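Novice: Spelled out from the first residue to the last, the chains are:
Protein chains: 2
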Amino acid sequence: MFEREVYIARRQELLRRMAGEKGVALFLGNVESPAQYGDNCYKWRQDSNWIYFFGIDEPRFAATVDLETGEETLYADDFGIDDIIWMGPMPSVRELADRAGVAKTAPCGALAAALKGRQVHFLPASRHYNQMLLAKLLGLAPEEVVSAGKAGCAKASEPLVRAVIGMRLVKEPREIAAIDAACDLGYEMHTIARRGIRPGRIEQEIVGEMEGLALSKGWGVSFATILTQHGEIFHCHSHELPVDPGRLMVVDAGVEANDHYASDFTRTYPTAGRFTSRQRDIYQTVYECNELAFSMTRPGVAYRDVHLAVAAHMLENLRDLDLVRGDLDGMVEDGIAGLFMPHGLGHNMGLDVHDMEDLGENLVGYDDDQVRSPQLGLGSLRMARVLQPGHVVTDEPGIYFIPALIGQWKREGTDGGRVNYAKLEDYYDFGGIRLEDDVLVTEGGARRLGRRRLPIAPDEVETIMQNDQL
Amino acid sequence: MFEREVYIARRQELLRRMAGEKGVALFLGNVESPAQYGDNCYKWRQDSNWIYFFGIDEPRFAATVDLETGEETLYADDFGIDDIIWMGPMPSVRELADRAGVAKTAPCGALAAALKGRQVHFLPASRHYNQMLLAKLLGLAPEEVVSAGKAGCAKASEPLVRAVIGMRLVKEPREIAAIDAACDLGYEMHTIARRGIRPGRIEQEIVGEMEGLALSKGWGVSFATILTQHGEIFHCHSHELPVDPGRLMVVDAGVEANDHYASDFTRTYPTAGRFTSRQRDIYQTVYECNELAFSMTRPGVAYRDVHLAVAAHMLENLRDLDLVRGDLDGMVEDGIAGLFMPHGLGHNMGLDVHDMEDLGENLVGYDDDQVRSPQLGLGSLRMARVLQPGHVVTDEPGIYFIPALIGQWKREGTDGGRVNYAKLEDYYDFGGIRLEDDVLVTEGGARRLGRRRLPIAPDEVETIMQNDQL
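Chains Z and B, in that order, give the protein sequences.
Quick note on the numbering used here: the first sequence kicks off at -9 and runs consecutively.
Quick note on the numbering used here: the second sequence kicks off at -9 and runs consecutively.
Don't read these hints as lab results, they were simulated from the structure.
Here the structure is a predicted model, which is why all the values come from computation and not from measurement.
One should not assume that every hint holds.
For identical chains, the list gives no copy identity; a pair is met inside one copy or between any two copies.
Below, computed lysine-lysine pairings styled on DSS-like, alpha-carbon distance capped at 27 Å [what the hints assert, rightly or not]: (1) 33 - 207; (2) 33 - 400; (3) 106 - 400; (4) 413 - 12; (5) 145 - 400; (6) 106 - 33; (7) 126 - 106; (8) 207 - 106; (9) 12 - 94; (10) 140 - 126; (11) 12 - 126; (12) 94 - 33.
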């Protein structure tokens, strides 16, 4: 936890942004989430909005902020002797309220009555338990309190959602320091991964070593580790293959630090330690796209335009390889890059690795005058906004050869004659390449987060992989 | 997955045990469980009953078994192109049904109609999502479909619960082989822990190394690792202390193998590498209790009686140390051992580390003619049944000095004058000791699971800790 003044100031700012609204803002912390039976739970993880406004890293807390009077109340129950035997001496609710700077406390059972007859501003719930609880408290169906992905949650309070996004989107200096520290752990974890890539080892062994580091020095991984020789599968969580020399290994992984700030990096390694010339061509293009995006990242630039510039550069290089043919501007406009990069250039990052995604992707990542594209690729862009100092975004271009998708475009003629399908067939066993850094938008431009950048230039990667073997 | 015949045979046996019942048995697999926002989930873990009867290790499956006709139907939806881009080519529902030996498949949306007007036998739900889903399908409140701990769930089908318990309680040879393998991984993980205990290291660093091994070679840990110098706190999940020479480190941890069978071992180490004489006295008693329990474990013996024999031996030794005074039988009867060991001797273990705990502790662990004790300690005994070949139980006596509990007994006179509180005060900074093995009940007696037993005798522990430092 930060010092109590941080949380007090954040809630004051929230009140200021909600000025004129009636009723109360309701915040729910998380409860433990069962993995198997009720007493065997997944590792405890607090709700990110709760962490931001209250900091208390314990289950079964809720709070209200009265938007009319400013009165704040923390709802939680103290522990009995049974809890102390099983969990040890715990700080009292009163002590925790003091650490969060909240004046008033009440038992959990008093929450329902406190909401009765009031207008309740709530945030969408991602955890299934909080969906049940919110639904019960507010007389709604559980599916009505859930964020529906891009669109968000219609019944949630848009003023509250907008106020929270406005605050969390621009990172405070203490948050930037925390993300830098998470990135340093991410660097360590990725170094373990790179050193672990040796022919014959099973992918799972390397994943375990990586996640062990994340657990030794942080909360754990900030999302399920992607380590795969099938880089063309974006969220491949199967790790049963032996390392096969000659393939490409995509490693997309991050650490969540003990204070819950995230990092998220991707590197792609030639499993043989050296790229084939075909691999190097594609790798060089992705590398150039990553560098191009970083060079364009500065206040006042829309990240959507950075995505489009990356798409153009990618298509230009793919045209040089005779994989696509035609006018560059037309290909960009028609979304041809989406065949090769069917995801967005990046997303916000902070307490969540996709920061605030549960509040609705469009509200988080799009300015009011921006409309989300329906195109494959650009349509998946999570962060399109005009950049401001304090934004933390990922820069993660990629090129993939996805047989099922290529087949679909070919059948349906989606490319309008621009794709050289005959040549693309040579790439069906290629896999994919993605290269991702975490970037802070500064007053003067941008800075890559973390003390050191993971090796990325093709020569640099080959050299360090040779050294890793020594 | 085992071969399909295994699942067919298990469901046939279930039908046999449910003969005469009307309606359908409903099984719900798990869905992914969000850690943060909906797309950032905890590591996928299937429901254990689902694994046992269907084996399919994928989310969003349900099934019905018609108890009148024997007809089986698998409910799930096939994947589209978007899923294939993000998750890769997936087997079809039809292919998965074949692997589970189920003849009929239907989309998820057809489940509600299939249940309409039928008597539905269901198992209690632990996952919050399945609580919502079951409640909706059956027209109940979510809290009505949850297991209420010891008592189980009143609305769930007792015939189905009893049939499942009857089957899962007695392990098949293939399950025993799986548990042996999980125990071998547990041995490796505990060896890493023991070697990691060196003054000055932070507990969390050791936990990360342990969990890394569990993830490298298995699904992960079978429950949140307990590694603490506050052994008197049973479920201490804080790992922020540096290793402090002179204390005792309780390490209670297990691996869940990739096939989801669990192991669960506890060892307690002197952080200095050698026991003090006070530590050795208590350790020796716990060690003797562990050995005594194993020596008594055989078919026909009630595990409740093994717990009581352990309590008697413990009190005898504590009396020799002048920590308690009085008649042994009377102390056992009055539950005085509960002050020192306020938990039970052991629990069943299998696909769940506390096997089937979500089905209701009393139904799982108690024979029909056994009544659960209200006493502290014995009342927490999860496995009291008369042992049968194929039972897998833990043998985990412990002695703890819990200041809050001792204070309560002293204030309330719970001990009836048997406890020497003056002397006990010397032990307030002692912590606790627990020693746990996993044991299979065999035709002729019992066998400790895993190829090798973790070092446990006091001299053996000191010797190996000296060798670890070399």
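Novice: So which of the earlier hints does this model not fit?
Specialist: 2, 3, 4, 5, 6, 8, 12
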